[in-house]
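**Q** Residues per chain, in single letters:
2 protein chains.
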Amino acid sequence: MPIAPSVTPHNDLFLRACRREPVERTPVWMMRQAGRYLPEYRAVRAKVDFLTMCRTPELASEVSIQPVDLIGVDACIIFSDILVVPEAMGMKLVVEEGKGGPRFPDPIRSRSDIDRLAVPDPQKELRYVLDAVRLTRRELRERVPLIGFAGSPWTLATYMVEGAGSKSFRAVKELIYARPKDAHALLEKISRAVSAYLSAKIEAGAQAIQIFDTWGGMLPPEEFKEFSLRYITLTLQQVRRNGVPAIVFCKDCGHSLEEIAGCGADVVSLDAGIDIGKAREMVGSFVALQGNLDPGMLYAPPERIRAGVVRVLEKFGNGSGHIFNLGHGILPDVLPDHARALVQAVQEESRRFHR
Amino acid sequence: MPIAPSVTPHNDLFLRACRREPVERTPVWMMRQAGRYLPEYRAVRAKVDFLTMCRTPELASEVSIQPVDLIGVDACIIFSDILVVPEAMGMKLVVEEGKGGPRFPDPIRSRSDIDRLAVPDPQKELRYVLDAVRLTRRELRERVPLIGFAGSPWTLATYMVEGAGSKSFRAVKELIYARPKDAHALLEKISRAVSAYLSAKIEAGAQAIQIFDTWGGMLPPEEFKEFSLRYITLTLQQVRRNGVPAIVFCKDCGHSLEEIAGCGADVVSLDAGIDIGKAREMVGSFVALQGNLDPGMLYAPPERIRAGVVRVLEKFGNGSGHIFNLGHGILPDVLPDHARALVQAVQEESRRFHR
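Here the protein sequences come in this chain order: F and L. Count the first sequence with numbering that gives the first Met the number 0 and you get residues 0 to 354, in order. Count the second sequence with numbering that gives the first Met the number 0 and you get residues 0 to 354, in order.
I should point out that these hints are in silico values taken from the structure, not numbers from a laboratory. Since this is a predicted model, take the numbers as computed values, not measurements. One or more of the hints may lead you astray.
[To be verified] With a Cα cut of at most 25 Å, we get these calculated SDA-like pairs of lysine to any residue:
hint : chain 1 : residue 1 : chain 2 : residue 2
1    : F       : K224      : L       : P300
2    : F       : K188      : F       : R54
3    : L       : K166      : F       : E225
4    : L       : K224      : F       : K224
5    : L       : K46       : L       : L69
6    : L       : K91       : L       : L116
7    : L       : K166      : F       : R54
8    : L       : K277      : F       : E225
9    : L       : K224      : F       : K188
10   : L       : K166      : L       : E138
11   : L       : K166      : F       : K188
12   : F       : K224      : L       : K180
13   : L       : K277      : F       : D270
14   : F       : K224      : L       : L116
15   : F       : K277      : L       : V282
Generate the whole structure from the sequences, applying the supplied hints.
**A** Dropping the structure here:
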């Protein structure tokens, strides 16, 4: 039972803000809102390992919807992991409990490793994600819109080449600086895989998409444009959008805000290192902005969180085109009451900016 | 035998560039140049633990001078650790082999912990660093200038409050957001300790000083100014400089470049995430600039390193006021030949920018 993305949810504040249409108040959701800070998430996670959660539509759907019910956010993001795409391209993905996040034991090392990668058919190799999207749309009953996401080609490449998270990014920096042609071949192939994946998510019912470029900020500005932003742009060009808004989040890339705003996305998500008022001055007539409270502020008591929320709202100023979010994912040791305080503060304090 | 900082070294390119005076070519040194990428450093390190190296003037001096002899840099930076200052303030500092960097097993948790901290007399509690400075000045025989350094108050506070490196900075963010008065009391006290320490280093013979704000970038722009830059400014005001130039390195703080340039430093050190040409346009008439090649470029072959060097030199453009450096510390697995290639490329390619 496919559901057209054009069906309007009861609460469509998020979608209207993406299009910079008038809203009654600023919509709010949080990156990683379906995550470890919620005891209800940890209860599901206690039963199965991380990848099983990603691969079981019922579980992925259950944890995706938890923050809608428990925290009151204005958008739902499908629970998954960015590394399912490289896995579908043919890379072995493992998670060893207690040994950090997922990793690739056989990282990309040579041109032949790159050439061996497949561009997967999402309907086959990533069907479980699409099933989770369909199920979640159904279970949401149009209460709030559903966001699908993917890692940026550059960010996926860093994991595929390093094998795991890295501090020095040695292997991937060696690749771009010493063998740029191979780097471009890899990034071009990943772009095709990501765009097919995002197109399929939209077809399955995602009402917005977000591209996460977690590691774009590890590159100097020129290399960021050459190896990261270029492939985000290419990916977005290839996605069959059907009017679905696209959000792009390039973490620690404030140096290239204007170029990011020109990549084809409708919304630019800002980390906490940028003044959202200045960002609006620079690019607010081209794109909506998402963000950007310091995730660390959720360690403070609720009244302080409210003051932080008001500051972000004041910096953005009056009018639409703002989706409230954190500057990065919610941290796993934040109290759920503090997440609720954030959402409530946005919902109460933002009305006066939309008169 | 104290040596006046005013004695001119044979190679004073670095000092002239700090003052934006004419130079024949761009001077170059590398953050963490006295470090693990050098087999000669590892040979010393194999004999004693890290803190013993810091505390033994002969060893600290030996490894400080290694890159002058082996790599050909235009400045020497004294080998030490930023955490010796909190230790001198009364905090227990431990390093367990194979368990990451130094850490404080009893971190700052309460106002009484802050009140208990002492502002040390560097001539007593940090005498071993001053002895290392004096010895290194002597051993250098005025070949190149000697730089003394300290952590910024904010960066030291993060370690003192977290106890070690952190990903979420939970404790210190809770401190600034929930108990800002306590945060300011701590930062004010650290500032006094750091400025006394830097004054003593200058008296002992340091010919330039650098303040490292490694974690300023973990703060949103307003909090960066309130909790980090403000105390760098205060520290510099309190240092007895006697004409010795001061460099400030606020990593990942490009959002506040203009404010950083106004903190009282003579030189602003840039990470690789800023276009040094744009930075010069913005603040080059107020300060000299240091930086900013991506440290990851040293993984590439020498001819590619040369191209990277030329790009940074071209971006800065003609004239003085540039000290070539990496955007962050040299990585421990870089080949010494690649470090030499960097230095050689700067020394050869930069002459044409100073005609």
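**Q** Evaluate each hint against the coordinates.
**A** Results for each hint:
About 22 Å separates the Cα atoms of K224 (chain F) and P300 (chain L), which keeps this hinted pair within 25 Å; it holds. Annotation: proposed proximity of K188 (chain F) to R54 (chain F) holds, straight-line Cα distance about 24 Å (limit 25 Å). For the hint linking K166 (chain L) to E225 (chain F), the alpha-carbon distance of about 28 Å lies beyond 25 Å, and the restraint is violated. The suggested pairing of K224 (chain L) with K224 (chain F) is violated, with an alpha-carbon distance near 29 Å, which exceeds 25 Å.
Taking the CA atoms of K46 (chain L) and L69 (chain L), the gap is about 20 Å. The hint holds against a cut of 25 Å. Under the criterion of a C-alpha separation no larger than 25 Å, the hint pairing K91 (chain L) with L116 (chain L) is consistent with the structure, at around 11 Å. Restraint check: the Cα-Cα separation between K166 (chain L) and R54 (chain F) comes to about 28 Å, which exceeds 25 Å; the hinted pair is violated. In summary, the hint linking K277 (chain L) to E225 (chain F) is supported, as the alpha carbons are separated by about 19 Å, within the 25 Å threshold.
Under the criterion of a C-alpha separation no larger than 25 Å, the hint pairing K224 (chain L) with K188 (chain F) is inconsistent with the structure, at around 43 Å. The hinted pair formed by K166 (chain L) and E138 (chain L) fails the criterion: a straight-line CA distance of about 40 Å is larger than 25 Å. With a C-alpha separation of about 32 Å, the suggested pairing of K166 (chain L) with K188 (chain F) is violated against the 25 Å cut-off. For the hint pairing K224 (chain F) with K180 (chain L), the CA-to-CA distance comes to about 42 Å; that exceeds 25 Å, so the pair is violated.
Taken as a hint, the K277 (chain L) and D270 (chain F) pair is honoured in the structure, with Cα atoms around 22 Å apart against an allowance of 25 Å. About 47 Å separates the Cα atoms of K224 (chain F) and L116 (chain L), which puts this hinted pair outside 25 Å; it is violated. A hinted pair counts as satisfied when its Cα atoms are at most 25 Å apart, and K277 (chain F) with V282 (chain L) qualifies at roughly 19 Å.
Checked against the numbered hints given earlier, the structure breaks hints 3, 4, 7, 9, 10, 11, 12, 14 and satisfies all the rest.
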